[in-house]
Every structure is written in C-alpha cells, then in structure tokens.
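**Q** Residue-level listing of the chains:
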Amino acid sequence: MAKAKRIIPGFGLTMGLTMSYVGFFVLIPMVSMALVTADLSFKEIVKSATDARVLSSYKVSFLCSFLAAAINTVFGTILAWVLVRYRFAGRRLVDGLIELPFALPTAVAGISLTWLTTNKGWIGGPLSKLGLEIAYTRVGIVVALTFITLPFMVRSIQPVLEQLSPDYEEAGRTLGAGSLTIFRKIILPELKPAMLTGFSLAFARGLGEYGSVIFIAGNKPFQTEIAPLMIVTRLEEFLYGQATAVALFMLAASFIIMFLVNRLQIRAARFVES
Amino acid sequence: MSNRVLAALAVFSLLLISVPAPAQEELTNVSYDPTRELYEAYNQAFQKHWQELKKADVTIVQSHGGSAKQARSVIEGNEADVVTLALASDITAIEEAGLINKGWQSELPNNSSPYTSTIVFLVRKGNPKKILDWGDLAREGVGVITPNPKTSGGARWNYLAAWDWADKEYDHDETKIVAFVKQVFDNVLVLDSGARGSTNTFVQNGQGDVLLAWENEAYLSLAERPGEFEIVTPPTSILAEPPVTIVDAYVDKNGTRELATEYLKFLYSDEGQRIAGAHYYRPSNPEIIKEFADYFDLGLKLVTIDDPLFGGWEVAQKKHFGDGGVFDQIYEK
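In order, the protein sequences belong to chains A and B.
So the first sequence is residues 1 to 274, counted in my numbering.
So the second sequence is residues 275 to 607, counted in my numbering.
These are calculated hints, taken from the structure and not from any lab test.
Computed from a predicted model, the values in this text were never measured in an experiment.
Please note that the accuracy of each hint is not assured.
Straight-line distance between alpha carbons at most 35 Å, and here's what the computed DSBU-like set of lysine-lysine pairs gives [stated by the list, open to error]:
no.: 1; chain 1: B; residue 1: 593; chain 2: A; residue 2: 220
no.: 2; chain 1: B; residue 1: 403; chain 2: B; residue 2: 564
no.: 3; chain 1: A; residue 1: 129; chain 2: B; residue 2: 456
no.: 4; chain 1: B; residue 1: 328; chain 2: B; residue 2: 539
no.: 5; chain 1: B; residue 1: 403; chain 2: A; residue 2: 129
no.: 6; chain 1: B; residue 1: 399; chain 2: A; residue 2: 120
no.: 7; chain 1: B; residue 1: 343; chain 2: B; residue 2: 322
no.: 8; chain 1: B; residue 1: 564; chain 2: B; residue 2: 575
no.: 9; chain 1: A; residue 1: 120; chain 2: B; residue 2: 403
no.: 10; chain 1: B; residue 1: 376; chain 2: B; residue 2: 322
no.: 11; chain 1: A; residue 1: 192; chain 2: A; residue 2: 59
no.: 12; chain 1: A; residue 1: 47; chain 2: B; residue 2: 376
Using the sequences and the accompanying hints, generate a full structural model.
**A** Right under this line is the structure:
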C-alpha cells in the first residue's frame, strides 16, 4: 500500500495521540454509559427518560441554559469589546476577574448567589419588593448559569476581536457608513462564528451544571427541578440504569443542538472567509 | 509566564497528585453530613485511646457527604474501613454489593447504632407562627424547609415522622394521611438536596418559618446563632438510628480489622457515649443519656422504623421513596 506523503511531518504520532486521548477521555466513558443502561430494556429506558417529571426538568434545563447563553452572547460580547478596544485603569483586573467563575467551586458560587438574591438578601430584598423573586425561581437558575458561563463567551470572542483590524471599519466610515451599519455589516459578521462558539460552549455547560444551581433553584418538582438533579436523584436510589437513561437522553438532545449550532457556525465562518 | 515556570508548575502538580501516603496505620471512616463535629472530637479521643492500648499512632481519614452518596462511593471502590451512615438501607446497599457480611446489624448493640437522634422543629425566636406539632406544618401560610427525601437520608425521617403523626390523627386512613403529607410538602418553600443545604436556607438565607431538622443540627444552629431561633420538640417524633459497621472486604484487604473493631466498640464506651451526647446525639446508653437530660426531651414519644406502621427500612423505602412510590405520587399532577 502506497503511503500518502504529507507535507507537515509528525502526522502519525499526533494523530495517534489524538485518537488515544479522545478515546480515553471521551469515547470510553460514553460507551461505559451506554453499557450501564444495557440491563434495562429499550422500553424501560424510554419510560425513565420521558417520565412527566423528568420531561419538565428537561424543559427547565434547556430553557434556562438557553436564556443564560443568550444573555451572555449579548453582554459577553460587549464585555469583550470593551476589554479589547479600550484602555482604562483596572482593565487587567477586570480581564482577570472574568475567569473567576471557572476557578470558584460552583457550590460556593451557588451559595453566595443565593444568599444575595433571596427576598432577604442585599439584591433580592429590594427586587422582591418590586415583585421580582430571584432565588428559588427559574430566574435564579438563569442568574446562576449566566454567572457560571460568562467566561466561555468573553474568552471565545476576545481573540477574534484582537485580530480584527480596524482598517475595515475605517474604510467603511470613509465610505459614509454610520456606526450602526459598521457594526452590523463589518464587525458582527466577523464575530458571528466566535459568538456561536461561545454560545454553544455556554449552553452545553449550563445543561450540565449542578453544583451552583442546586442551591439557588429551590428544586421544586415541575417548577425548578433541573435535569442533572433528576439524574442525581436516581443515583441516590441506586438506580444506575435509570439515571443513565436520563443522561443519555440529555446527551442526545445536546448533541443535536450542538450539531445545529455547529452548522450555523460553519456557514458563518464561510461568510467571513469569502 | 515563561515556559520554564509553566513546566515547573506542571511537574509540581503531577508530583502532588502522585505522592504516596506515609506508611502509618490508617483508618478511613466514611460518614454522612451532620457528623462532622462529632467525629472530629471522637477521632482525637480514639487516637489517645489507641495510643494507650497499643502504644501506636493511628491516622484517621474522615469523609462526609450525603449518606447515599457516601455508600455509593464505598461500593465503587472508596476503601472505607468503617462506615457510619444515616440509614441502615445505605449500609444494606453496600452489603448487597458483597463488601459487608450479612448480619452486620446484630454485631454491635442497639442495632449497631451507638447513638440515636430524632427530628425536631427549629423555629424563629418567639415562634411567631405558633408551630407546636406536626399538624401545624400543613396550615396555610406556614413556610416549611426540609431537604428532599429522595436525595437526603435525613429528610426521609422527617417525612416518616409526619406520616406517623398523621396515622394516629386520621386513624390509619391512608387517603387522609397522604393528603396531609401532600399539604405539608405544598408548604415546602425550598427542597434542598441535603440537610446542610436546608439548614443554610433556613438559618443564613432566612427562608421559611420552620426547619425540620435533626436534633443535633438544630442544637448546632442554636449554638451558632444564639437568640435567633428556638427548638420545638413535637409530642411525637421518630427514632433515627444511624448505624455503624465494619466494611469486611476492605478491612481484610487493609489488615485493619482489629483497629476498625476497636474504633466502633469505643463508640459504646462511656467516653464515646459522652462525646456523642456533647454533640447533641442521644447516647444509646440509658444511664449516660440522663446526664444530658437538660437538652434532650426524654419524654418524647418515639416511633421506630421497625414499627408495624413502616415495617422496617426495606419495606418503607420501597413503599415511600422508591421510583413511583408515595413520595413521587404526592408530587404528581
């Protein structure tokens, strides 16, 4: 068999490493997950994954993660813009703070956010007088997820913005375009792939987040119960198969969503290249 | 950061995770959430005791978490020498995995429970909502805080104690009992996943009017924030017997059977019993519990899980907390 020659050396080694790495950290855990459900019949898997209460927990999880990712798409982009484009005192500090949600144990984040946003808390107190309850509602879940997923958005967009040369904007301006047009026609298309990446990372992380949400959600069945909690609940009952069935269902749904977002992203990236 | 610094950091962190433990006699006690303070004190006393007995040092590794979660970690290979959990059913799960010999519960006195506890009400100072008995929990406008019985061992006792009260109140009419329990859970504002989470919700975040709590947790909150809360002991409650046992498979593997046996036996000694009492667990020794009569209501009527009403853990677990059980039903629409 003739070996195809590649211009860049090291293909065999790096590809081998990549495959073992992906296999060890991604594929094997996934396969073992599928094996755990194998002692359930297909009907049982469907039944445990589509129980009314579980279904409502998917709704809470997907809805809240989507909202949090959407909020971060807007505000994370603005944050990244400010950090890249302007020079101001304390910029470095703010830049470093962005990563804090990653470093902080999520339970700590959950407990302190809850403390702030209950109807007795510093932020939640005044707001609840205006009729907005945050902690122990779905709003609280969105708040926690927005906090946790902010770095994904900012860190996805920053490098792209840094690479974005102001030449095009200046050219646009000399041709008479207003600020809004420049943003819509020049900056946004360039940022779109990065925004989609950030969105999908944030969304995926939100779906799986357990530690912080559990404190702020109130965990009331049919109202603020998230899907990961349903999985934990099944585990506490020593029902490994049922837990994995719910997990598989979430995985499949997330995969489809990620796939769609990815396709959007590819299309956006093509637009940027052309 | 320069590459060299980064490389050094990487090597350093690899070293950190691969450093082997020092060779000394070591005992791992896997326990549940609210026993932190108890075992901190007990381990010190036991180390002294072992020193006197064997002239040897012993390191005790202590682990805490939700009871079922801890049991699962042992099943999955956390090599605990002893387990001191909230529920017998969690230990039974380890037994079923083949790690603990059958009949463990009769190896030590009092169903292998050196101390017991019960469920009481923690209310705000002055008891503004006048919560005195289980019936008051179902009243309109009373905010109840309890963890979720599905994820918290402690919360199962809360639920069963309420059930027991309703059983007597409604003369064993199960439809009415379920309706009552449902009403109580409709009053639950926040359903935390564990006992400590609920305490936090009630104490730190100021939610609700009453916290259904382990007696020992209630006293801890009282001691931490004097003047803010009161404990109401309802006329009836449930006797929680958190059992302890040796994990046979692991003590044989680690060669720690003698040490582990002594560790559990010492819990029943006068000194061990007094430590339990000082941490608000009810000592199982009837003489020693009297020393703590000023804060334990000894007249409290306590139902046990082996009462015909519940028929032991296995039956109760399946009927009430199993998949599709009574607890699931009260939350169905």
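**Q** Checking each numbered hint in turn, tell me which of them this model violates, lowest number first.
**A** none
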